[in-house]
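As you go down the protein sequences, you meet chains A and B in turn. Take 1 as the starting number for the first sequence in the numbering used here and just add one per residue. Take 305 as the starting number for the second sequence in the numbering used here and just add one per residue.
Hint data in this document are derived by calculation from the structure and do not stem from the laboratory. Glycine is no exception: its CB is placed at the ideal position from the N, C-alpha and C atoms. Possibly wrong hints are sitting among the right ones.
Per label pair, the in silico range of CB-to-CB distance [what the hints assert, rightly or not]:
| no. | chain 1 | residue 1 | chain 2 | residue 2 | range |
| --- | --- | --- | --- | --- | --- |
| 1 | B | Arg495 | A | Asn253 | 36 to 42 angstroms |
| 2 | A | Leu295 | B | Ser507 | 47 to 53 angstroms |
| 3 | B | Gly324 | A | Gln195 | 54 to 60 angstroms |
| 4 | A | Asn166 | B | Phe468 | 43 to 49 angstroms |
| 5 | A | Asn253 | B | Ala352 | 34 to 40 angstroms |
| 6 | A | Pro222 | B | Phe468 | 57 to 63 angstroms |
| 7 | A | Ser116 | B | Pro378 | 41 to 47 angstroms |
| 8 | A | Lys294 | B | Ala352 | 35 to 41 angstroms |
| 9 | A | Phe212 | B | Ala352 | 47 to 53 angstroms |
| 10 | B | Leu459 | A | Lys294 | 37 to 43 angstroms |
| 11 | B | Arg502 | A | Gln195 | 55 to 61 angstroms |
| 12 | B | Leu396 | A | Gln75 | 57 to 63 angstroms |
Just so you have them, the derived chain B footprint on chain A, three or more residues with Cβ under 8 angstroms [stated by the list, open to error]:
| no. | stretch |
| --- | --- |
| 13 | 73-79 |
| 14 | 166-173 |
| 15 | 287-294 |
Here's the letter readout for the chains.
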Amino acid sequence: MAAPDAPAAARPHVPPAGPKARAPRRKGNPAALLLIAPSIVFMTLLFGWPMVSGILQAFGGPEGLTTANFTRMVQDPYFWSSVGNTLLLIVVMIPIQFVLALAMALLIRAKPRGASAYFYIWAIPLAVSDLAAGLVWLTVFTDRGYLNSLLASWGLQPVSWLAYDNYPSMFATVLIAEVWRATSLVFVIVVAGLQSIPKDYEEAAGVFGASFWNRLWHVTLPLLRPSLQTALILRTILAFQTFAVALALTGQNFPLVVGETYRWYTGLQDPNVASALALVVMAVSMVTAVGYLKLLRDQTEAAR
Amino acid sequence: MSHATTSRTAAAGAARPEPGVDRRPLARQRRNRVLLQVACILITLFMAVPIYLIALAAMSSRQSLQKFPLSFIPDNFSTDTMQTFLQSTGILGGLINSVQVGVFTLVLSLLIGIPAGYAVARFAFRGREPYQLFLLFTRALPIVVLSVPLAQLFLQTGLYDSVFAVVLLHTALALPTTILITASVFLGVPRDVEEAARIFGCSPLQAFLKVVLPMAVPGIAAASIFTFVMSWNEVLGASILTLNQRTLPAQVLSSLSESPLAYRFAGGFLLVIPALVFIFFMRRYLTNMWGSTIR
């Protein structure tokens, strides 16, 4: 570290002779590196090291490198259903969350009476974990739970929402719990994005007679693009990590990929296959993030 | 919308022979206000009713939880369910572990994060952009990728199944956010006051500790709450890295399949309580944090 720092430290003494004030900015160089050094060391130890050993572990076996772990992972009967469930959940959930969050943010911006109370209540699930969200909705959906109590008091037949042979309702319960929990994150990001948009644009569009939907589609949404993009990437990556909500609601009946990692590690005690699964999750997350960035950038350029 | 309606009102008023007042826009505005409230109340019900129900379930006695249909009003208040839950094996220990992990994570991530955040905010050093990109990248990494290999490494180094192991993992997860938030907080502290302190004879460290840090405290507090909540909620890594020194969510998760419903309701409620408190204190900072740290 010391060697590359030294010339940087020496440099500030030269520029004062020069015309402009780049000097004071560079002066911070060694101090800045000293200040960020602990974080770099820490992150390298706790991210870099495990990443490398995780990759080795995923390809590791009793005798050298092997793809046997991936074969075992793919041959497990739960694997493909967990992949299918995770993808289906994401594909259905993300659009619902974005529409709902956008509606919520627009409602808050319309300044209803009690807006701050609404904001507080709508943001609460932001700090609720997926395990807790699953348990919260378990009170509603369990066989002798509140939803069936409501149905019974209306004289209707109770339904076993979480039964393993009732896939649509099982999926719906996990979906509702996840929409409930994770829409708040998108909501807060969109509210923050809306605050940074001057109202003038929309008012101008309104003066020229644009309808509500036109103003939303042609004015507000394009201006919200950076916020929506961030929210989309963040939400999708986090959605791949969902698992405890399904465990709490359905046990093993609705497997999700990260839940399978948990099962391979704790239940089946096979860290190698667990690492292989973890690598799959990471690869899919990264590909999704990069894909979104590319897609959204291409659209911006096409629009110009 | 208001502009469009007023111009239409003017046109309608001009076309009409008698000089009466057109009340339709007013009525429409009133109807919109009512619809707005109705929509807000519906969403609030969706968000709040589940929390009410788990609180209700956790505060009901075991007998009343056996009944069907369940009562929707708290007519059977009892702390039995919560007490039984708190006395179950591993719960009290898990609670203590969770608080310890949360507090240590918070302290460690602030110790490492504040200097880094200050550097990002104040200095334009070479490698600042790559460094910020590196932080964003680490924030996007799934927890599960780190947990399994870390468990093996901790087994080899003897850290496995300790509070410290979970603290290290949670700090790694929280650090990128801490750095980005503290950086945005320090950006909000004017450089002038720091320079004034230097002129009056403070060393750089004194200027930072006596002038800059106190001004940054509210923002740093928000970042700390965020870290604590993250640590309190994190369940996968904590379950993988521990066996006996479980945190509360890890303990609840591992005993999920063989526990009675009352236990799960009580556990869920205990896990939700901090969310209610933290969001209440954080609500002013939420939009600032997401607005400023993300880009």
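Original post:
What are the numbers of the hints the structure violates, in ascending order?
Top reply: As far as the earlier hints go, 1, 3, 5, 6, 7, 9, 11, 12, 13, 14 and 15 are violated by this structure, in ascending order.
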